[in-house]
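Chemist: Going down the list, the sequences are from chains X and C. Numbering-wise (the working numbering), the first sequence opens with residue 19 and increments by one. Numbering-wise (the working numbering), the second sequence opens with residue 138 and increments by one.
No lab work stands behind these hints, which were simulated from the structure alone. For every residue, glycine included, the Cβ atom is placed at its ideal position computed from N, Cα and C. Possibly wrong hints are sitting among the right ones.
[To be verified] Listed below are the simulated DSBU-like cross-link pairs for lysine-lysine, each with C-alpha atoms no more than 30 Å apart in a straight line: (1) LYS220(C) - LYS146(C); (2) LYS67(X) - LYS146(C); (3) LYS208(C) - LYS146(C); (4) LYS207(C) - LYS146(C); (5) LYS67(X) - LYS118(X); (6) LYS118(X) - LYS207(C); (7) LYS208(C) - LYS87(X); (8) LYS194(C) - LYS207(C); (9) LYS194(C) - LYS146(C); (10) LYS194(C) - LYS151(C); (11) LYS208(C) - LYS194(C); (12) LYS130(X) - LYS67(X); (13) LYS151(C) - LYS67(X); (14) LYS151(C) - LYS220(C); (15) LYS118(X) - LYS194(C); (16) LYS194(C) - LYS220(C); (17) LYS67(X) - LYS87(X); (18) LYS194(C) - LYS67(X); (19) LYS118(X) - LYS220(C); (20) LYS208(C) - LYS67(X); (21) LYS87(X) - LYS118(X).
[Unchecked claim] Counterexamples of contact, computed for chain X against chain C with all Cβ distances above 10 Å: (22) LEU25; (23) PRO36; (24) TYR43; (25) SER46; (26) GLN60; (27) GLN63; (28) SER72; (29) THR104.
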Amino acid sequence: AQSVTQLDSQVPVFEEAPVELRCNYSSSVSVYLFWYVQYPNQGLQLLLKYLSGSTLVESINGFEAEFNKSQTSFHLRKPSVHISDTAEYFCAVMGTGGFKTIFGAGTRLFVKA
Amino acid sequence: DGGITQSPKYLFRKEGQNVTLSCEQNLNHDAMYWYRQDPGQGLRLIYYSQIVNDFQKGDIAEGYSVSREKKESFPLTVTSAQKNPTAFYLCASSLAGRGNEQFFGPGTRLTVL
Numbered sequence: 019a020q021s022v023t024q025l026d027s028q029v030p031v032f033e034e035a036p037v038e039l040r041c042n043y044s045s046s047v048s049v050y051l052f053w054y055v056q057y058p059n060q061g062l063q064l065l066l067k068y069l070s071g072s073t074l075v076e077s078i079n080g081f082e083a084e085f086n087k088s089q090t091s092f093h094l095r096k097p098s099v100h101i102s103d104t105a106e107y108f109c110a111v112m113g114t115g116g117f118k119t120i121f122g123a124g125t126r127l128f129v130k131a
Numbered sequence: 138d139g140g141i142t143q144s145p146k147y148l149f150r151k152e153g154q155n156v157t158l159s160c161e162q163n164l165n166h167d168a169m170y171w172y173r174q175d176p177g178q179g180l181r182l183i184y185y186s187q188i189v190n191d192f193q194k195g196d197i198a199e200g201y202s203v204s205r206e207k208k209e210s211f212p213l214t215v216t217s218a219q220k221n222p223t224a225f226y227l228c229a230s231s232l233a234g235r236g237n238e239q240f241f242g243p244g245t246r247l248t249v250l
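Take the sequences, apply the hints, and build the full model.
Modeler: Dropping the structure here:
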């Protein structure tokens, strides 16, 4: 079985500042890892995912996440945030032998002008 | 455009009534999912289906029912047995196989009066 812990429920940050959203997971098997973003009153959209290979994965809008197997973490970072990045971000894990996805409780990112 | 549609966007129900939430996808995905989202709890899996005419209970199936008669459609019925049905409901779909991300609909917000 897998579980996901997002260490911060809310992260306020000023525009153009860097941000890190933390995610730790627990699993007895190898995993795939995902970050999804949800804008208010909408469904989730995939931001980026780690399947294998390079431990650093990037999204098209400047976010990146690094898979750290020894620390069982998959933190999401962006060097400079925009107002439009205000949303809720979900970390998720899937065991490589299955297909069910386990979601974290979410981190609400609030970017202030 | 390919995607997932959910209807209605907002739904109000009186206690004791059953209600059905619609989910349709034209992505040709084999797998479909229903999640419930409550503030601070992330997404919890209600039911999932990997193929037509087959579905399995998720983590919180009590008080819910589904059908999968067509590949494109996966309706969810919230029955009167569900004790606390007020929530945001999200439908998703994915390709079969390992490591595939889920594509989400815009959600239905159900309020029980």
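Chemist: Determine for every hint whether it applies to the structure shown.
Modeler: Taking the hints in turn, this is what the structure says about them:
Only pairs whose Cα atoms come within 30 Å are accepted, and LYS220(C) paired with LYS146(C) is accepted, the gap being roughly 21 Å. The hinted pair formed by LYS67(X) and LYS146(C) meets the criterion: a straight-line CA distance of about 29 Å does not exceed 30 Å. This hinted pair checks out: LYS208(C) and LYS146(C) have alpha carbons roughly 22 Å apart, not beyond 30 Å. Distance restraint check for LYS207(C) and LYS146(C): the Cα-Cα separation of roughly 22 Å lies within the 30 Å cut-off, and the hinted pair is therefore satisfied.
At roughly 15 Å between alpha-carbon atoms, LYS67(X) and LYS118(X) fall within 30 Å of each other, so this suggested pair holds. Our distance criterion of 30 Å between C-alpha atoms is met by LYS118(X) and LYS207(C), whose separation comes to about 21 Å. Distance hint between LYS208(C) and LYS87(X) is unfulfilled; the C-alpha atoms sit about 37 Å from each other, more than 30 Å. Proximity of LYS194(C) to LYS207(C) is assessed by CA-CA distance (about 18 Å); at most 30 Å being required, the pair is judged to hold.
Between LYS194(C) and LYS146(C) the CA atoms are separated by roughly 24 Å; this keeps the pair inside 30 Å, and the hint holds. A C-alpha spacing of about 25 Å is found between LYS194(C) and LYS151(C), which places the hinted pair at or below 30 Å, so the restraint holds. The straight-line distance between the Cα atoms of LYS208(C) and LYS194(C) is roughly 18 Å, inside the 30 Å bound, and the hint therefore holds. Only pairs whose Cα atoms come within 30 Å are accepted, and LYS130(X) paired with LYS67(X) is accepted, the gap being roughly 27 Å.
Distance restraint check for LYS151(C) and LYS67(X): the Cα-Cα separation of roughly 41 Å exceeds the 30 Å cut-off, and the hinted pair is therefore not satisfied. Proximity of LYS151(C) to LYS220(C) is assessed by CA-CA distance (about 12 Å); at most 30 Å being required, the pair is judged to hold. Using a Cα cut-off of 30 Å, the hinted pair LYS118(X) and LYS194(C) holds, with the two alpha carbons roughly 12 Å apart. This hinted pair checks out: LYS194(C) and LYS220(C) have alpha carbons roughly 17 Å apart, not beyond 30 Å.
Between the alpha carbons of LYS67(X) and LYS87(X) the distance comes to roughly 15 Å, so the proposed pair stays at or under 30 Å and holds. Distance hint between LYS194(C) and LYS67(X) is fulfilled; the C-alpha atoms sit about 26 Å from each other, no more than 30 Å. Between the alpha carbons of LYS118(X) and LYS220(C) the distance comes to roughly 25 Å, so the proposed pair stays at or under 30 Å and holds. Of the pairs offered as hints, the one joining LYS208(C) and LYS67(X) holds, with about 26 Å between alpha carbons and a cut-off of 30 Å not exceeded.
A C-alpha spacing of about 20 Å is found between LYS87(X) and LYS118(X), which places the hinted pair at or below 30 Å, so the restraint holds. Annotated as non-interface, LEU25(X) keeps its C-beta farther than 10 Å from every C-beta of chain C; the closest such distance is 14 Å. In this structure PRO36(X) is separated from chain C by more than 10 Å, as the shortest Cβ-Cβ distance comes to about 25 Å. Residue placement check: TYR43(X) keeps its beta carbon more than 10 Å from all beta carbons of chain C (closest about 13 Å).
Chain C leaves SER46(X) outside its interface by the beta-carbon criterion, the shortest separation being 16 Å against a cut-off of 10 Å. Not every Cβ of chain C is farther than 10 Å from the Cβ of GLN60(X); the closest lies at roughly 6 Å, contradicting the non-interface assignment. Listed as outside the interface, GLN63(X) is inconsistent with that label: its C-beta sits roughly 7 Å from the nearest C-beta of chain C, within the 10 Å cut-off. No beta-carbon of chain C comes within 10 Å of the beta-carbon of SER72(X); the shortest separation is about 15 Å.
Residue placement check: THR104(X) keeps its beta carbon more than 10 Å from all beta carbons of chain C (closest about 17 Å).
This entry does not satisfy hints 7, 13, 26, 27, going by the numbered hints stated previously.
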